[in-house]
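Visitor: If you're matching them up, the sequences are chains P and U in order.
As numbered in this note's numbering, residues 1 to 172 make up the first sequence, in order.
As numbered in this note's numbering, residues 1 to 172 make up the second sequence, in order.
Don't read these hints as lab results, they were simulated from the structure.
Quick reminder that beta carbons are idealized off the backbone N, C-alpha and C, glycines included.
Please note: incorrect hints may appear among the correct ones.
Pulled a few chain U residues facing chain P out of the computed Cβ check, cut under 7 angstroms [said to hold, decoys possible]:
| id | residue |
| --- | --- |
| 1 | Ser7 |
| 2 | Val11 |
| 3 | Pro46 |
| 4 | Gly47 |
| 5 | Ser70 |
| 6 | Glu76 |
| 7 | Thr78 |
| 8 | Thr80 |
| 9 | His108 |
| 10 | Thr132 |
| 11 | Val136 |
| 12 | Leu148 |
| 13 | Ala157 |
| 14 | Val160 |
| 15 | Thr164 |
| 16 | Val166 |
From chain P, some residues computed to sit far from chain U (all C-beta separations above 12 angstroms) [stated by the list, open to error]:
| id | residue |
| --- | --- |
| 17 | Gly21 |
| 18 | Ala73 |
| 19 | Val74 |
| 20 | Ala98 |
| 21 | Leu123 |
| 22 | Arg146 |
| 23 | His158 |
For reference, the chains in residue letters:
2 protein chains.
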Amino acid sequence: MTDRFSSILPVALMVLPGPDGTMTFVHQIKGPYADNWLLPGGGVEPGESAEAAAIRETAEETGCHVAACSAFAVYEFTGTWAQGSYHLMLFGFLADRAYRVPAGFDGHNVGAVRQSRIGEVPLHSTDLQILTDAGVASYSDGTIARALAADGITMTAHRVSGTTRVPVPPAS
Amino acid sequence: MTDRFSSILPVALMVLPGPDGTMTFVHQIKGPYADNWLLPGGGVEPGESAEAAAIRETAEETGCHVAACSAFAVYEFTGTWAQGSYHLMLFGFLADRAYRVPAGFDGHNVGAVRQSRIGEVPLHSTDLQILTDAGVASYSDGTIARALAADGITMTAHRVSGTTRVPVPPAS
């Protein structure tokens with residue numbers, strides 16, 4: 001774990017609406033934000049696109065197989081935790097529609113999954129900006145800055161207006 | 001080198017206008033794009049913002065100290081080279097104005113520096129999209145896709161419309 005967080009970690013997450021105006025949260029059990037309700041997501045694997053990582057991690061953690069999503073922001077987060085410093089490059093995606101977590105689904109690598117209205121979950125400081133950028137909440141700059149400062153987190157948020165993908169054609 | 005490129009490498013570069021409608025290029029001597037004229041830039045260090053990395057690498061490679069710049073896109077590039085696969089997460093910045101490379105400046109970790117009009121330099125395939133996104137060139141989607149395919153490169157370009165930075169206040 002120390003090695004993993006001693007360098008820059010590329011991660012991707014999904015803002016995943018649920019039924020009846022809810023949002024999907026997972027109880028994180030690992031990493032610098034352990035023991036918080038966070039948005040589903042995790043590390044991008046070498047050779048994997050950030051979008052594919054967000055979809056894969058969301059399926060693993062929530063049981064929801066997102067058909068399509070779009071990037072709305074890329075974040076740089078730095079801070080410290082029990083293991084030392086960490087530095088995340090985080091790609092945020094918004095799912096195309098609401099998905100319902102399958103009944104009885106427990107999640108993989110997370111403590112629990114829930115779909116609740118945003119005001120009914122204790123949000124991690126990083127999620128205030130993320131949910132606002134995704135257009136599903138509207139926290140003020142001051143509220144966000146105070147929450148991040150209380151957690152000792154520095155954030156740079158690059159809002160994304162559009163994505164172009166150029167795949168390599170299949171080998172002939 | 002193999003270790004470095006076996007995981008995902010965060011890098012930052014600068015689109016750096018020069019005098020008389022020129023752009024600034026450096027002759028790369030290391031890494032998967034060695035022996036090409038590229039835009040100045042390099043790896044983001046742990047704890048360093050992508051913007052700070054772009055400014056630092058530009059100073060090292062071109063002698064130009066950029067006072068301000070803005071992010072215009074974040075890229076995911078994957079491909080293969082002599083050492084195996086590589087995977088870059090690349091933050092692109094545009095300098096606030098034109099800068100002149102100091103006379104006699106040789107650059108650090110690069111083979112050479114030049115300021116030329118875009119049409120007068122053999123461009124690497126990745127730079128076609130980057131210069132277009134920065135608003136200093138206008139290559140077509142087809143031209144870009146063909147050039148990347150010829151180099152076996154997969155690209156995802158997330159265009160950035162604005163950046164917010166929330167620093168941790170100085171310790172009191």
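Visitor: Hint by hint, say whether it matches the structure.
Guide: Tested hints:
The beta carbon of U/Ser7 comes within 6 angstroms of a beta carbon in chain P, closer than 7 angstroms, and the hint placing it at the interface holds. For the restraint placing U/Val11 at the interface with chain P, the shortest Cβ-Cβ distance is roughly 10 angstroms, beyond the 7 angstroms limit, so the hint is violated. The interface hint given for U/Pro46 is met, as the beta carbon of that residue sits about 5 angstroms from the closest beta carbon of chain P, less than 7 angstroms. For U/Gly47, the interface hint holds, the least distance from its beta-carbon to any beta-carbon of chain P being 6 angstroms, beneath 7 angstroms.
Interface hint at U/Ser70: violated, since its Cβ lies 10 angstroms from the closest Cβ of chain P, which is beyond the 7 angstroms cut-off. At about 6 angstroms, the closest approach between the beta carbon of U/Glu76 and any beta carbon in chain P falls short of 7 angstroms, and the interface hint on this residue holds. Look at U/Thr78: its Cβ gets to within about 6 angstroms of chain P, closer than 7 angstroms, so that hint holds up. About 10 angstroms separates the beta-carbon of U/Thr80 from the nearest beta-carbon of chain P, more than 7 angstroms, and the hint is not met.
The closest approach between the C-beta of U/His108 and any C-beta of chain P is roughly 22 angstroms, which is over the 7 angstroms cut-off, so the hint fails. Here the hint on U/Thr132 is broken, as its CB sits about 10 angstroms from the closest CB of chain P, past 7 angstroms. Nearest Cβ of chain P to the Cβ of U/Val136: about 17 angstroms, over the 7 angstroms cut. The hint is violated. A distance limit of 7 angstroms between C-beta atoms decides the matter here; for U/Leu148 the minimum to chain P is near 5 angstroms, and the interface restraint holds.
The beta carbon of U/Ala157 is positioned within 7 angstroms of a beta carbon in chain P (closest approach about 5 angstroms), and the interface hint is therefore held. Interface restraint check: U/Val160 against chain P, minimum CB-CB distance 5 angstroms, threshold 7 angstroms, status holds. Below 7 angstroms, beta-carbon pairs count as interface contacts, and U/Thr164 has one with chain P at about 5 angstroms; its hint therefore holds. With its C-beta approaching chain P no nearer than about 5 angstroms, U/Val166 sits inside the 7 angstroms limit, and its interface hint holds.
Non-interface status of P/Gly21 relative to chain U is upheld: no Cβ of that chain comes within 12 angstroms, the nearest being about 26 angstroms off. Not every beta carbon of chain U lies more than 12 angstroms from that of P/Ala73, the smallest distance being close to 9 angstroms; the non-interface claim is violated. Distance check for P/Val74 against chain U: the nearest CB is about 5 angstroms away, which does not clear 12 angstroms, and the non-interface claim fails. A cut-off of 12 angstroms between C-beta atoms confirms that P/Ala98 is not in contact with chain U; the least separation is 24 angstroms.
P/Leu123, annotated as away from the interface, keeps every beta carbon of chain U farther than 12 angstroms; the closest lies near 16 angstroms. With a closest Cβ-Cβ approach of about 10 angstroms to chain U, P/Arg146 is found to fall inside the 12 angstroms limit, against its non-interface label. With a closest Cβ-Cβ approach of about 5 angstroms to chain U, P/His158 is found to fall inside the 12 angstroms limit, against its non-interface label.
In terms of the numbered hints stated before, the structure departs from hints 2, 5, 8, 9, 10, 11, 18, 19, 22, 23, listed from lowest to highest.
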